[in-house]
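So the protein sequences, as listed, match chains A and B. Each residue of the first sequence is one higher than the one before, counting from 1 in my numbering. Each residue of the second sequence is one higher than the one before, counting from 310 in my numbering.
Treat each hint with caution, since some may be false.
Claimed, not checked - Which stretches of chain B does chain A cover? Using the computed rule of at least three CB atoms under 8 angstroms from a CB of chain A, they are: (1) 339-348; (2) 375-389; (3) 413-425; (4) 455-461; (5) 477-489; (6) 533-547; (7) 578-585.
What the hints assert, rightly or not - Calculated Cβ distances over 12 angstroms to all of chain B for the following chain A residues: (8) G94; (9) P202; (10) Q204; (11) P226.
Everything labelled a hint here was simulated from the structure, so no lab data went into it. Just so it is clear, CB atoms sit at the ideal spot from N, CA and C, and this is done for glycine as well.
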Amino acid sequence: MSTEKQSLRRKLDRLFVPLTVGPTMLWIAAIIVYPTLKLLWSSVFWTNPINGQREFVALRNFRRLVFAENGQGAFLGLAPDFVAITTNTAVYVGLSVSISFALGLGIALLLDKDLKGRGWFRTAVIVPWILPYVMSGLMWRWMFNSEYGAINGLLTQTGLLSSKIAFLSDGTLAMMALIIADIWVFTPFIIIILLAGLQNVPEQLYDAAEVDGAGRISRFVNVTYPFLKPSILVALTIRIIFDIRALDLVWVMTRGGPGKSTEVWASWLYRTAQVFNRPGEGAALGVVLLAVTFVIVATLYRIFGDSPY
Amino acid sequence: MSTQQSIFDRLIGGLGLDTEDEWSHIVRERVVAYSLLGLYVFVIWFPIYFIFVTSIKPTSAVLDIPISFVPTQPTVSNYIEIFQNRPFELYTLNSLIVASTTTIICVTLGTVTGYSFSRYEFVGNKTLLLSIVGARMIPPIALIVPFFSIMSNPPLIGGLTGSLYDTRIALILTYTFFNLPFAVWIMKNYFDGVPESLDEQARIDGCSRWEGFVKIILPMAKPGIAATAILAFIFSWNEFVFALVLTSSEQAQTLPIAVSLFVADDFVDWAHLAAGGMIAALPGILFGLFFQQYIVSGLTQGAVKE
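The shape of chain A in the complex, shown without the other chains (with noise of 0.2 angstroms):
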């Protein structure tokens, strides 16, 4: 080989890094990091709808979104949309990740037996999380029909119940109406990330415990849950994020009605900056809903520590 062409490959070499790493890292930047800046530099704007023009308004828009002002501009506490919806996000968050996190354990712990079929089972599970977001929306908005749904078809026709119920025209059940689609569509990635971490757990430690005449629960909380602690962490934080920023069920099902019953943060955001055009509004929410997102990881990082978050 010339030493020419030994050069050559040896510089190419030493590029290699900056040529694998580069591109990705310019990507990124242009399609994340100057987004993100536009984001903040927006939310500190108003813009006229009719005209189109806008104008420098510093932090009123947050100012607007979070509490209540009269003509004068006096403080009269806060929102009611912004407690209201607090509340919806809070109660839908909460409700369908704990349901969903307690079914999806029980799940993956059967499926952690040494079942004949366990492949079959558990491919059987994990459809409903790859399917769209929208047409499970709008499934579970057909099964919740008020008149033709398959729901009040098995209660009315099975004799359970003797009248229809309107499901999703009255607050509390649409809310539950939601809950329910929602920890259908994501107990199987609770299934899927928990069982990795159950498959962890050295099979000797069990056989150890039971020779010690550790019991069911005694073997769980002393061999199993020190080894899904790390798993648990991260099905709930990546749960607890996407279950804030979701838009697609909520949007599809309900449209945050009936009135503002439904109504959650993203569906909000969405309303805000697109449906009403209010574009320094919605920027104002986003920038609100990344400081949301950042506080709840370094939460959850903070009490369960060292993750990969």
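Given chain A's structure and the hints, the job is docking chain B onto it.
Here is chain B on its own, set in the frame of chain A:
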């Protein structure tokens, strides 16, 4: 010994279902496990079954009371009509182009970058890796306002291309935002599991870094690449919110949008919606049935491993 027994076990013992009879204990446990899993699978598949049944009912039979759960006169007319009355072939094409292009970009960049992060120490590699993890946590919906304005009026290249609003390019650019950090992360973790001695062997055999990567490492990484590709494809295929914000016509609208268009203000065309929904759901169902192990390994590489 009894002190270490849980209340649960003592209760079972008290009921006369003692664990001493090892065989019947195992059988009983299996029966319980199978029935619970069976029940769960039945419950989660029922809605999918019901929307499928709806999609093959004659349009007029969808609103029949009592509701029939078994189609008496199955028909494919709903599927044919959505292609005749609406541009479903265009929506499908858009979905295919957007999802595959995004997948190719994310897999290519994710693989080479993931490899470098796994193997080399370089200036700022911790910071860059951390920024990729951070990028994964940004809630996409927070960025709909800037993405909408950037795509309507793209900086730098704006003079050349004009607005990217309502184009497939806008969706492809946007979807790499969801998938690229995830792809880098999965591939880095995957390469961490490929022994470094293979790299050294390639070096000893006289391969350059490039040759060693392409000839020795890449073939080893096929399962990781498959996992990344499947997840990137599914995420892009299923995406709804950005498609809703960034597109307005069949030049760029994807299947999830097309399905949502069956919902008019007060009226939903359930028969055709169900048929469109089944088409949109098809890749998910197929990938789930045939490539379940790749999805699981990709998810766990991407989520659990450090």
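Comparing the hints with the structure gives:
1. 339-348: holds (count 5)
2. 375-389: holds (count 3)
3. 413-425: holds (count 6)
4. 455-461: holds (count 5)
5. 477-489: holds (count 5)
6. 533-547: holds (count 3)
7. 578-585: Contact hint for the segment 578-585 of chain B vs chain A: holds, 3 residues under 8 angstroms.
8. G94: holds (18 angstroms)
9. P202: Given that every Cβ of chain B is farther than 12 angstroms from that of P202 of chain A, nearest at about 17 angstroms, it holds.
10. Q204: holds (18 angstroms)
11. P226: holds (15 angstroms)
Checked against the numbered hints above, the structure violates none of them.
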